[in-house]
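Asks: Residue-level listing of the chains:
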Amino acid sequence: AQSVTQLDSHVSVSEGTPVLLRCNYSSSYSPSLFWYVQHPNKGLQLLLKYTSAATLVKGINGFEAEFKKSETSFHLTKPSAHMSDAAEYFCVVSSTSGTYKYIFGTGTRLKVLA
Amino acid sequence: EPEVTQTPSHQVTQMGQEVILRCVPISNHLYFYWYRQILGQKVEFLVSFYNNEISEKSEIFDDQFSVERPDGSNFTLKIRSTKLEDSAMYFCASSDSWVQETQYFGPGTRLLVL
Chain R
950 AQSVTQLDSH VSVSEGTPVL LRCNYSSSYS PSLFWYVQHP NKGLQLLLKY
1000 TSAATLVKGI NGFEAEFKKS ETSFHLTKPS AHMSDAAEYF CVVSSTSGTY
1050 KYIFGTGTRL KVLA
Chain B
931 EPEVTQTPSH QVTQMGQEVI LRCVPISNHL YFYWYRQILG QKVEFLVSFY
981 NNEISEKSEI FDDQFSVERP DGSNFTLKIR STKLEDSAMY FCASSDSWVQ
1031 ETQYFGPGTR LLVL
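Residue numbers (the working numbering), protein chains in the order written: chain R, 950 to 1063; chain B, 931 to 1044.
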């Protein structure tokens, strides 16, 4: 069965410094992996997705993630944090059976300090 | 840009009452999902729906829950007799395919059962 583990429930960074949000996955097959962001009182917005093409995936708002099969990781990074990046981030794996439902990580709350 | 909408944004109900949560998926999408997030917990899959039928459901989706596509645009989740533990944020999502496709999420309905 597929699963994702987000290693940090909270991350704090200073504005202008790099962001690293960690995600490890478990999947018997080549997974489809996603990062979503949720701003307060907003829906879940897709940041980026990996579907077995390039291992380095670029997303919106300067975020990117690298798929590393040897480490079963899909960490989300951004070179320079902005105040508007403060939000909850979810790593998601798509099930490879049934209707490809999403399996969510527990989320990482990113705080950006001025 | 097309988006998924949900109404109401918040609902407060008494235990034992019926609630209907409404979603308008993206117009050309054919695959629909409901997820929920109990406060402090991860987002969980409830049900997927295609061609006017439930395609897959989780163990959470018991006889108290039902889904319907009453017309060409709406997709509803009904909870027949609400329980305290049904208090959660409910997200609707839609996609135009099963495999490796992005699911687009609505902003959620926050349900509070008293």
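In case anyone wonders, no lab produced these hints; they're calculated from the structure.
Quick caveat: nothing in here was measured; it's all calculated off a predicted structure.
The C-beta atom is built at its ideal place from N, Cα and C for all residues, glycine as well.
Treat each hint with caution, since some may be false.
What the hints assert, rightly or not - As a list, the in silico BS3-like pairs of lysine-lysine whose alpha-carbon atoms are at most 30 Å apart:
no.: 1; chain 1: R; residue 1: K1007; chain 2: B; residue 2: K972
no.: 2; chain 1: B; residue 1: K972; chain 2: R; residue 2: K998
no.: 3; chain 1: R; residue 1: K1007; chain 2: R; residue 2: K1060
no.: 4; chain 1: R; residue 1: K991; chain 2: B; residue 2: K1008
no.: 5; chain 1: B; residue 1: K972; chain 2: B; residue 2: K987
no.: 6; chain 1: R; residue 1: K1017; chain 2: B; residue 2: K1013
no.: 7; chain 1: R; residue 1: K991; chain 2: B; residue 2: K972
no.: 8; chain 1: R; residue 1: K1007; chain 2: B; residue 2: K1008
no.: 9; chain 1: R; residue 1: K1060; chain 2: R; residue 2: K1018
no.: 10; chain 1: B; residue 1: K972; chain 2: B; residue 2: K1008
no.: 11; chain 1: B; residue 1: K972; chain 2: R; residue 2: K1060
Unchecked claim - Each pair of labels, with its calculated beta carbon distance range:
no.: 12; chain 1: B; residue 1: Q947; chain 2: R; residue 2: G1011; range: 43 to 49 Å
no.: 13; chain 1: B; residue 1: G1002; chain 2: R; residue 2: K1017; range: 39 to 45 Å
no.: 14; chain 1: B; residue 1: L960; chain 2: R; residue 2: A1063; range: 42 to 48 Å
no.: 15; chain 1: B; residue 1: N982; chain 2: R; residue 2: L969; range: 32 to 38 Å
no.: 16; chain 1: B; residue 1: D993; chain 2: R; residue 2: S1029; range: 46 to 52 Å
no.: 17; chain 1: B; residue 1: I984; chain 2: R; residue 2: G1011; range: 23 to 29 Å
no.: 18; chain 1: R; residue 1: R1058; chain 2: B; residue 2: L1042; range: 20 to 26 Å
no.: 19; chain 1: B; residue 1: E933; chain 2: R; residue 2: L969; range: 27 to 33 Å
no.: 20; chain 1: B; residue 1: D992; chain 2: R; residue 2: E1015; range: 38 to 44 Å
no.: 21; chain 1: R; residue 1: T966; chain 2: B; residue 2: Q947; range: 45 to 51 Å
Unchecked claim - Residues of chain R placed beyond 10 Å of chain B at every Cβ, according to the derived structure:
no.: 22; residue: D957
no.: 23; residue: V960
no.: 24; residue: V962
no.: 25; residue: P967
no.: 26; residue: R971
no.: 27; residue: Q994
no.: 28; residue: E1020
no.: 29; residue: T1048
no.: 30; residue: K1050
no.: 31; residue: I1052
no.: 32; residue: T1055
no.: 33; residue: L1062
Asks: Each of the hints needs a verdict: does it hold here or not?
Replies: Checked hints:
no.	hint	result
1	K1007(R) <-> K972(B)	holds, 25 Å
2	K972(B) <-> K998(R)	holds, 19 Å
3	K1007(R) <-> K1060(R)	holds, 22 Å
4	K991(R) <-> K1008(B)	holds, 22 Å
5	K972(B) <-> K987(B)	holds, 17 Å
6	K1017(R) <-> K1013(B)	violated, 43 Å
7	K991(R) <-> K972(B)	holds, 16 Å
8	K1007(R) <-> K1008(B)	violated, 38 Å
9	K1060(R) <-> K1018(R)	holds, 29 Å
10	K972(B) <-> K1008(B)	holds, 21 Å
11	K972(B) <-> K1060(R)	holds, 19 Å
12	Q947(B) <-> G1011(R): 43 to 49 Å	holds, 45 Å
13	G1002(B) <-> K1017(R): 39 to 45 Å	holds, 44 Å
14	L960(B) <-> A1063(R): 42 to 48 Å	holds, 45 Å
15	N982(B) <-> L969(R): 32 to 38 Å	violated, 44 Å
16	D993(B) <-> S1029(R): 46 to 52 Å	holds, 51 Å
17	I984(B) <-> G1011(R): 23 to 29 Å	violated, 39 Å
18	R1058(R) <-> L1042(B): 20 to 26 Å	holds, 22 Å
19	E933(B) <-> L969(R): 27 to 33 Å	holds, 30 Å
20	D992(B) <-> E1015(R): 38 to 44 Å	holds, 40 Å
21	T966(R) <-> Q947(B): 45 to 51 Å	holds, 49 Å
22	D957	holds, 14 Å
23	V960	holds, 17 Å
24	V962	holds, 23 Å
25	P967	holds, 26 Å
26	R971	holds, 16 Å
27	Q994	violated, 8 Å
28	E1020	holds, 22 Å
29	T1048	violated, 4 Å
30	K1050	violated, 4 Å
31	I1052	violated, 7 Å
32	T1055	violated, 5 Å
33	L1062	holds, 24 Å
Of the numbered hints listed earlier, those contradicted by the structure are 6, 8, 15, 17, 27, 29, 30, 31, 32.
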